[in-house]
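Chemist: Here the protein sequences line up with chains B and L, keeping their order.
Counting from 1, one number per residue, gives the positions in the first sequence under the numbering used here.
Counting from 1, one number per residue, gives the positions in the second sequence under the numbering used here.
You may find that some hints are simply not true.
Simulated pairs of lysine-lysine, BS3-like, Cα-Cα distance not exceeding 27 Å [to be verified]:
1. K136/L / K7/B
2. K97/L / K46/B
3. K136/L / K241/L
4. K277/B / K254/L
5. K112/B / K97/L
6. K103/L / K7/B
7. K254/L / K239/L
8. K15/B / K239/L
9. K277/B / K97/L
10. K7/B / K391/L
11. K7/L / K277/B
12. K136/L / K24/B
13. K232/L / K38/B
14. K103/L / K24/B
15. K162/L / K38/B
16. K163/B / K38/B
17. K7/L / K7/B
18. K7/L / K15/B
19. K228/L / K7/L
20. K212/L / K77/L
21. K143/L / K15/B
22. K241/L / K277/B
23. K136/L / K112/B
24. K274/B / K103/L
25. K7/B / K417/L
26. K407/L / K15/B
27. K391/L / K232/L
28. K212/L / K7/B
29. K97/L / K274/B
30. K254/L / K112/B
31. K24/B / K349/L
32. K136/L / K38/B
Which residues of chain L face chain B? A few of them, derived with a C-beta cut under 10 Å, are [as the list claims (entries may be wrong)]:
33. T114
34. E146
35. T336
Everything labelled a hint here was simulated from the structure, so no lab data went into it.
For every residue, glycine included, the Cβ atom is placed at its ideal position computed from N, Cα and C.
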Amino acid sequence: MNFDDYKWDTVIEAKQNPFSVGLKQIAEYRDLIFLFVKRDIAVTYKQTILGPLWYLFQPVFTTVMFIIVFNHVASLGTNDVPPVLFYSIGAILWSFFSSLLTVQARVFYANKDIFGKVYFPRLTVPIAIIFGELLKFAIQFGLFVIIFVIYVINGYGSFLSLKLLFLPLIMLWIILMATGLGLMISSITTRYRDLAKALEFFLSMFMYAIPVVYPLSEVSGKLRLVFALNPITAILECFRYCCFGTGEVSLKMILYSVGWTLIILFGGILLFNKNEKVFVDVI
Amino acid sequence: MGDIVIKAENIGKYYRLGQINTGMFYSDAKSWFSRKIGKEDKTLKIGENVGDKTGFWALDDINFEIEQGDRVGIIGKNGAGKTTLLKVISRVTAPTKGHIGIKGNVASLLEVGTGFHPDMTGRENIYLNGAILGMKRAEINEKLDEIIAFSEIDEHIDTPVKRYSSGMYVRLAFAVAAHLDSDILIADEVLAVGDAEFQKRALGKMNDLSSKEGRTVLFVSHRMNSVKALCKNGILLNKGKIVLRDEIDKVITKYQSNLYDVKSSGDLSHYNNEFFDLLDFRLVGKDGQELSQPIENGDKAFVRIELNMKKIHHAFTAGYAIYNADGTQMFWSYLTDDYDEKNNVKPGKNILTGEIPSHFLNEGEYYIYFSSMLHFIQWLVDPEEDAPCLKLNIQGGLSESPFWTIKRPGVNAPILKWSIKSDSERPTQTE
Numbered sequence: 001m002n003f004d005d006y007k008w009d010t011v012i013e014a015k016q017n018p019f020s021v022g023l024k025q026i027a028e029y030r031d032l033i034f035l036f037v038k039r040d041i042a043v044t045y046k047q048t049i050l051g052p053l054w055y056l057f058q059p060v061f062t063t064v065m066f067i068i069v070f071n072h073v074a075s076l077g078t079n080d081v082p083p084v085l086f087y088s089i090g091a092i093l094w095s096f097f098s099s100l101l102t103v104q105a106r107v108f109y110a111n112k113d114i115f116g117k118v119y120f121p122r123l124t125v126p127i128a129i130i131f132g133e134l135l136k137f138a139i140q141f142g143l144f145v146i147i148f149v150i151y152v153i154n155g156y157g158s159f160l161s162l163k164l165l166f167l168p169l170i171m172l173w174i175i176l177m178a179t180g181l182g183l184m185i186s187s188i189t190t191r192y193r194d195l196a197k198a199l200e201f202f203l204s205m206f207m208y209a210i211p212v213v214y215p216l217s218e219v220s221g222k223l224r225l226v227f228a229l230n231p232i233t234a235i236l237e238c239f240r241y242c243c244f245g246t247g248e249v250s251l252k253m254i255l256y257s258v259g260w261t262l263i264i265l266f267g268g269i270l271l272f273n274k275n276e277k278v279f280v281d282v283i
Numbered sequence: 001m002g003d004i005v006i007k008a009e010n011i012g013k014y015y016r017l018g019q020i021n022t023g024m025f026y027s028d029a030k031s032w033f034s035r036k037i038g039k040e041d042k043t044l045k046i047g048e049n050v051g052d053k054t055g056f057w058a059l060d061d062i063n064f065e066i067e068q069g070d071r072v073g074i075i076g077k078n079g080a081g082k083t084t085l086l087k088v089i090s091r092v093t094a095p096t097k098g099h100i101g102i103k104g105n106v107a108s109l110l111e112v113g114t115g116f117h118p119d120m121t122g123r124e125n126i127y128l129n130g131a132i133l134g135m136k137r138a139e140i141n142e143k144l145d146e147i148i149a150f151s152e153i154d155e156h157i158d159t160p161v162k163r164y165s166s167g168m169y170v171r172l173a174f175a176v177a178a179h180l181d182s183d184i185l186i187a188d189e190v191l192a193v194g195d196a197e198f199q200k201r202a203l204g205k206m207n208d209l210s211s212k213e214g215r216t217v218l219f220v221s222h223r224m225n226s227v228k229a230l231c232k233n234g235i236l237l238n239k240g241k242i243v244l245r246d247e248i249d250k251v252i253t254k255y256q257s258n259l260y261d262v263k264s265s266g267d268l269s270h271y272n273n274e275f276f277d278l279l280d281f282r283l284v285g286k287d288g289q290e291l292s293q294p295i296e297n298g299d300k301a302f303v304r305i306e307l308n309m310k311k312i313h314h315a316f317t318a319g320y321a322i323y324n325a326d327g328t329q330m331f332w333s334y335l336t337d338d339y340d341e342k343n344n345v346k347p348g349k350n351i352l353t354g355e356i357p358s359h360f361l362n363e364g365e366y367y368i369y370f371s372s373m374l375h376f377i378q379w380l381v382d383p384e385e386d387a388p389c390l391k392l393n394i395q396g397g398l399s400e401s402p403f404w405t406i407k408r409p410g411v412n413a414p415i416l417k418w419s420i421k422s423d424s425e426r427p428t429q430t431e
């Protein structure tokens, strides 16, 4: 009988569809995704006294620093949004993006022992990372909501706006962008570790190149165009716009950024798929 | 003939050699660029096939079929491609060419305890490890008690595994793996862990799984008696190619007859290290001359090791490990077993001679591996890892007694001292 005459459950070949995500298989491994999330969270705070409270310290201290340095010392505006709100959401969003990106960028390297010994759909790991980071974000965002409510009670604006409904979409947007970028970097770093080193340095610089600690409206002239060309700018501005109703967003900027997000996402999946089959041999 | 559950066709796996660094990036980029613009790839030399100097084929044109319920042992020397083959079948790494079809789900145990996290408890790790190996949560729930019972961890199950002894760790890890419900089980040396008692139990469990439950097993091990106990059929690999696919006994015999032979090869420089050069390794008789085989059981044989010592280390020792034809280890013998002898290794050329006692081993073929280490520090030449090997063939001469002339049951055939005390002083009357 010929090879193709059999009904195989699995066929292992040198080349497989580079864009296939294998959603069905991933769904079968949902228990594993759940356990990975649980492990990552449990392990981070085992043998600590404050446990998950650590999630809250980071945005609180960052916000305080931002207010002192950028609002008071550098006198940057906040589009008339109370500085506490403006900087805290900036800090939370930026920490979500950069931390998601950093963790995704280490996916292969950090899991090389498991990947080298057992097969399971590799994308379960990046997916578990997304959920883990989202949980952390949810706790921090909860803090932001509480502060927001306090401000509203004290007479600042209103938060019951339909625009809030867009927030989950914007979150998805950030997730896809950070994950796509992270997967690209992690795939390349299996061969050339330089990129992992560069990322750390780059991310700490990059925060100042996007409107995290200031609104886009503070940037003027030719520099403005450069900022608008950065696809991450639109995401941050959109998020703030939906929260506070101020900021500069245009449809053009959004479409431009979404376009980039899709390109990066597919690039990330392509590289990831190409890499997951052979990275064991080069790492 | 049963159903075919695994079929491999033309499997090849190519590994590139050399370091990955700037030079590699440059040549990567150059060859990529050449290919993109449709020019000849200049990084390949003219007439060079992939696989010349830049790399090698760890698996080369592998074809086989495995039937439902078969238990196949994959054997071969280190570097023969055994582990690579298992990795390809278990989808850890992709083949460079060819394809494999698999029916049913595969559980691969290239290692036990994959994904165990030291900070998590035994129970948490059972779930995590089980899920990594492809078990569903409900399945694990169902088997949890069985797994814990098999592992004998009992009350420590809610303690982080970093506080486990290595034995407990291994037992727990194997317990999870042994309870996998898969149609095909792929295992690589997993039995080479834990103490002897545990290994026996693990082997028994593996046997149950395959014989009673009709599971297909692919098993790699250096231990011939494990392979023999577990497998019906075997595949012998050498340098990435299948040499023989037959019943396990025939495959093991073929493997052992093909082992490293000093006389034919003569080149031992491969084993040189910072402490010594291995100049010679051979069997000699009482007269110091080359041993003519087969020898009789009553003859003494000596293992003669010639070393050029380059560096003296207080924990240095050398000797041999001897195995019978089943792969059972008979014993180890080292220069330092007799403590004073140790002082005799001096810088420069040393000849060590180790006696193989007469009237001790049974009739049969034995394999003697060179072995050297820094005691409790590191192996210099691990007898289990492709060490140079000598064959010793013992036939006849089992004893002087007319009552014992043929091979006896048992692994050894020693002649031991007996004494007798009788009540009567009278001379014995024979019938």
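Chemist: Hint by hint, say whether it matches the structure.
Modeler: Checked hints:
For a cut-off of 27 Å, the pair hint linking K136/L to K7/B stands: about 25 Å separates their Cα positions. Taking the CA atoms of K97/L and K46/B, the gap is near 45 Å; set against the 27 Å cutoff, the hint is violated. A hinted pair counts as satisfied when its Cα atoms are at most 27 Å apart, and K136/L with K241/L does not qualify at roughly 37 Å. Our distance criterion of 27 Å between C-alpha atoms is broken by K277/B and K254/L, whose separation comes to about 34 Å.
Only pairs whose Cα atoms come within 27 Å are accepted, and K112/B paired with K97/L is accepted, the gap being roughly 23 Å. For a cut-off of 27 Å, the pair hint linking K103/L to K7/B stands: about 8 Å separates their Cα positions. Pair hint K254/L plus K239/L holds up; C-alpha atoms about 15 Å apart against a cutoff of 27 Å. Restraint check: the Cα-Cα separation between K15/B and K239/L comes to about 24 Å, which is no more than 27 Å; the hinted pair holds.
Simply put, K277/B and K97/L have alpha-carbon atoms about 13 Å apart, close enough for the 27 Å limit, and the pair holds. A hinted pair counts as satisfied when its Cα atoms are at most 27 Å apart, and K7/B with K391/L does not qualify at roughly 47 Å. For the hint linking K7/L to K277/B, the alpha-carbon distance of about 20 Å falls within 27 Å, and the restraint holds. Among the hinted pairs, K136/L with K24/B is consistent with the structure: their alpha-carbon atoms are about 15 Å apart, no more than 27 Å.
Pair hint K232/L plus K38/B does not hold up; C-alpha atoms about 42 Å apart against a cutoff of 27 Å. Between K103/L and K24/B the CA atoms are separated by roughly 18 Å; this keeps the pair inside 27 Å, and the hint holds. Taking the CA atoms of K162/L and K38/B, the gap is near 18 Å; set against the 27 Å cutoff, the hint holds. As the CA atoms of K163/B and K38/B are separated by approximately 32 Å, the hinted pair breaks the 27 Å bound.
For the proposed pair K7/L and K7/B, the alpha carbon gap of about 11 Å is at most 27 Å, so the pair holds. Our distance criterion of 27 Å between C-alpha atoms is met by K7/L and K15/B, whose separation comes to about 17 Å. For the suggested pair K228/L and K7/L, the alpha carbons sit about 23 Å apart, so the restraint of at most 27 Å is met. Pair hint K212/L plus K77/L does not hold up; C-alpha atoms about 31 Å apart against a cutoff of 27 Å.
A threshold of 27 Å between alpha carbons decides the hint, and for K143/L with K15/B the separation of about 37 Å lies outside it, so the pair is violated. Proposed proximity of K241/L and K277/B is supported: the alpha carbons are some 22 Å apart, at most 27 Å. This hinted pair checks out: K136/L and K112/B have alpha carbons roughly 23 Å apart, not beyond 27 Å. Proximity of K274/B to K103/L is assessed by CA-CA distance (about 24 Å); at most 27 Å being required, the pair is judged to hold.
Distance check on the hinted pair: K7/B and K417/L sit about 67 Å apart at the alpha-carbon level, beyond 27 Å; violated. Annotation: proposed proximity of K407/L to K15/B is violated, straight-line Cα distance about 57 Å (limit 27 Å). With a CA separation close to 26 Å, the supplied pair K391/L and K232/L stays within the 27 Å bound. Proximity of K212/L to K7/B is assessed by CA-CA distance (about 26 Å); at most 27 Å being required, the pair is judged to hold.
Using a Cα cut-off of 27 Å, the hinted pair K97/L and K274/B holds, with the two alpha carbons roughly 15 Å apart. A distance of roughly 36 Å separates the Cα atoms of K254/L and K112/B; the hinted pair therefore is violated under the 27 Å criterion. With a C-alpha separation of about 66 Å, the suggested pair K24/B and K349/L falls outside the 27 Å cut-off, and the hint is violated. Among the hinted pairs, K136/L with K38/B is consistent with the structure: their alpha-carbon atoms are about 16 Å apart, no more than 27 Å.
At a threshold of 10 Å, the smallest CB-CB gap from T114/L to chain B is about 5 Å, leaving the interface hint in force. Because the beta carbon of E146/L sits about 19 Å from the nearest beta carbon in chain B, more than 10 Å, this interface hint is broken. For T336/L, the interface hint is violated, since its Cβ never comes within 10 Å of a Cβ in chain B; the closest pair sits about 36 Å apart.
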